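A.B. asks: Read off the chains here:
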Amino acid sequence: GESVGLHLPTLSVQEGDNSIINCAYSNSASDYFIWYKQESGKGPQFIIDIRSNMDKRQGQRVTVLLNKTVKHLSLQIAATQPGDSAVYFCAELKNSNSGYALNFGKGTSLLVTP
Amino acid sequence: DSGVTQTPKHLITATGQRVTLRCSPRSGDLSVYWYQQSLDQGLQFLIQYYNGEERAKGNILERFSAQQFPDLHSELNLSSLELGDSALYFCASSQRGTTNEKLFFGSGTQLSVL
Chain X
4 GESVGLHLPT LSVQEGDNSI INCAYSNSAS DYFIWYKQES GKGPQFIIDI RSNMDKRQGQ
64 RVTVLLNKTV KHLSLQIAAT QPGDSAVYFC AELKNSNSGY ALNFGKGTSL LVTP
Chain C
51 DSGVTQTPKH LITATGQRVT LRCSPRSGDL SVYWYQQSLD QGLQFLIQYY NGEERAKGNI
111 LERFSAQQFP DLHSELNLSS LELGDSALYF CASSQRGTTN EKLFFGSGTQ LSVL
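Residue numbers (the working numbering), protein chains in the order written: chain X, 4 to 117; chain C, 51 to 164.
Hints listed in this document are in silico derivations from the structure and should not be mistaken for laboratory results. Keep in mind that this is a model prediction, so the values were computed, not measured. Fair warning: there could be bad hints in the mix.
[Stated by the list, open to error] Straight-line C-alpha distance at most 30 Å; calculated DSS-like pairs for lysine-lysine:
1) C:K152 to C:K107
2) C:K59 to X:K59
3) X:K109 to X:K59
4) C:K152 to C:K59
5) X:K45 to C:K59
6) X:K45 to C:K107
7) X:K71 to C:K152
8) C:K59 to C:K107
9) X:K109 to X:K45
10) X:K74 to X:K109
11) X:K109 to X:K71
12) X:K71 to X:K59
13) X:K45 to X:K59
14) X:K45 to C:K152
15) X:K74 to C:K152
16) X:K59 to X:K74
17) C:K59 to X:K71
18) C:K59 to X:K109
19) C:K107 to X:K109
20) X:K74 to C:K59
21) C:K152 to X:K59
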C-alpha cells in the first residue's frame, strides 16, 4: 500500500553538528510534502514544505531535499541546538477515501546532546 | 502558540462512554482537521471540514463523528469507547482547506479510556 515511512526511529547528534532526518515515500503521484516538529506535550509545528516540482528548499537553518527518482525526502538541520530536540514527522499529501489529506510517517526522535 | 485551541487537555473516561472534544480554529481559517495519534499508529487522519461541510474522510471509525458549526469551531464525538481509543487527538486548521496548504495544529486532547 501507499505509505510514508522514516528510516530511523531515533537520531542522536551533538550540539553544533548538522542533523539529517530521512523519509521514504511510496506514492509517486504525491506532489506536496511537509516536515513537522513535535515537542513533548505539544502539537506538531510546521517547519518547511516542498512541492514535487522542486528538488530543494531552504528555510532558517533547515533544508528539505526531495529526490523523486528514489522517492526520498530529507530534512537537514544546520548547527543543531538543544531546542531542536523533538520528534520530526514527514507528511505527504495523499488521496484519502474522499478528498486529499496529509499522511504522516511514524516520526524520528532527534536528541541533541551537549 | 499556533492559534488553534483544543479543550479539554486531558480526558479520562470508562469503556462504553461517550465524549466530545472541542476545537477552535485559528482566526480566519475555514477548514478543520482531526487527527488521532497513538504510539503504534502515529498520526492518523480522521476527517476534514471546510466551512461547515465535510470535505475529506480518513479511516474514521463509525463510532466517531464530527461536525463544524457556523462559528467554525468543531467537535469530535467519540462513542462506545474502547481501551484502544486511548490516544492523543489533534485538531488542525488551515485557511482554505485546499491541497498544498500547511496545517496548524492545536496542543491536543489526551484521552484515556480505562
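A.B. asks: Tell me, which hint numbers fail for this structure?
C.D. replies: Of the numbered hints, 2, 17, 20 do not hold.
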